[in-house]
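Undergrad: Quick mapping for you: the protein sequence lines, in order, are chains P and Y.
In case it helps, our numbering puts the first sequence at residues 1 to 113.
In case it helps, our numbering puts the second sequence at residues 1001 to 1113.
The set of hints was computed from the structure by calculation and includes no laboratory data.
In this text, a Cβ means the ideal position worked out from N, Cα and C, and glycines have one as well.
Take the hints with a grain of salt, since some may be wrong.
[Claimed, not checked] What follows is a list of derived Cβ distance ranges for each label pair:
#1 D1030(Y) <-> R77(P): 32 to 38 Å
#2 V1052(Y) <-> A17(P): 47 to 53 Å
#3 I60(P) <-> R1013(Y): 17 to 23 Å
#4 T1079(Y) <-> S5(P): 30 to 36 Å
#5 K1057(Y) <-> F51(P): 31 to 37 Å
#6 K1057(Y) <-> N8(P): 29 to 35 Å
#7 Q82(P) <-> T1079(Y): 42 to 48 Å
#8 G22(P) <-> R1013(Y): 35 to 41 Å
#9 T30(P) <-> E1015(Y): 39 to 45 Å
#10 V1052(Y) <-> S80(P): 31 to 37 Å
#11 Q1050(Y) <-> P55(P): 39 to 45 Å
#12 G22(P) <-> D1059(Y): 29 to 35 Å
#13 T30(P) <-> E1062(Y): 28 to 34 Å
#14 Q82(P) <-> K1070(Y): 24 to 30 Å
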Amino acid sequence: AQSVSQHNHHVILSEAASLELGCNYSYGGTVNLFWYVQYPGQHLQLLLKYFSGDPLVKGIKGFEAEFIKSKFSFNLRKPSVQWSDTAEYFCAVNARENNRLAFGKGNQVVVIP
Amino acid sequence: DGGITQSPKYLFRKEGQNVTLSCEQNLNHDAMYWYRQDPGQGLRLIYYSQIVNDFQKGDIAEGYSVSREKKESFPLTVTSAQKNPTAFYLCATGTAISNQPQHFGDGTRLSIL
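Put together the whole structure using the sequences plus the hints.
TA: Structure (structure tokens):
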């Protein structure tokens, strides 16, 4: 079964700083990749996803992620964060063969105004 | 409004009792999922169902049971066999072809006294 690693569980940064959250997965087959976000007091929601094609994926609110197959990575980036980006971010990997979605442990991001 | 309803929001039970968490959806989604969220653990899949009257075990199914008698409903029973049931439980739905949960409920926080 696939597994997902997210490092630096707690991230604190100032507004306008750049954000990059790492996501690495272990699975040898074909995968679909996702980033989910959970804002304080709200539902978990999909931020962006990669199924195929251009490995640089753009999502909502200025986020993007790049799939690097050789590194089994799908890192999330935002050039300039805002206070409203304070949330918990989860990377998830779905192996097409088994239809199971595995989540990472999440990154708690706090943006200081 | 279409959505997922999880009830109750908070649930307290004595040790040794079975407890059932409700999940109802009116999104007409075929697939439904139950996840458990623990601090620092991310989301872990308990059970999922892709069609009525069928369901599969996820990664941490031991001590849990489900049923899928109707498309709209996917109740989760936390049995007394579950060693550490205190957690936040999330129900999610998705279309049959999407291969991943697309919408999440508000969750139920279960505490065992």
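Undergrad: Are the hints correct? Go through all of them and say.
TA: Right, here's what the structure says about each hint:
1. D1030(Y) <-> R77(P): 32 to 38 Å: Cβ of D1030(Y) to Cβ of R77(P): about 34 Å, so the range 32 to 38 Å holds.
2. V1052(Y) <-> A17(P): 47 to 53 Å: holds (48 Å)
3. I60(P) <-> R1013(Y): 17 to 23 Å: Roughly 38 Å apart at Cβ, these two residues miss the hinted range, so it is violated.
4. T1079(Y) <-> S5(P): 30 to 36 Å: holds (31 Å)
5. K1057(Y) <-> F51(P): 31 to 37 Å: Between K1057(Y) and F51(P), where Cβ atoms are some 26 Å apart, the hint is violated.
6. K1057(Y) <-> N8(P): 29 to 35 Å: holds (32 Å)
7. Q82(P) <-> T1079(Y): 42 to 48 Å: Given range 42 to 48 Å: holds, Cβ gap about 44 Å.
8. G22(P) <-> R1013(Y): 35 to 41 Å: At roughly 38 Å between Cβ atoms, R1013(Y) and G22(P) fall inside 35 to 41 Å, so the hint holds.
9. T30(P) <-> E1015(Y): 39 to 45 Å: With Cβ atoms ~44 Å apart, the hint holds.
10. V1052(Y) <-> S80(P): 31 to 37 Å: Violated - the Cβ-Cβ distance for V1052(Y) and S80(P), about 47 Å, lies outside 31 to 37 Å.
11. Q1050(Y) <-> P55(P): 39 to 45 Å: Between Q1050(Y) and P55(P), where Cβ atoms are some 29 Å apart, the hint is violated.
12. G22(P) <-> D1059(Y): 29 to 35 Å: The hint (29 to 35 Å, Cβ to Cβ) is violated, given that G22(P) and D1059(Y) are roughly 22 Å apart.
13. T30(P) <-> E1062(Y): 28 to 34 Å: Distance hint for T30(P), E1062(Y) holds at roughly 29 Å.
14. Q82(P) <-> K1070(Y): 24 to 30 Å: violated (42 Å)
Hints 3, 5, 10, 11, 12 and 14 from the list above are not met by this structure, while the remaining hints are.
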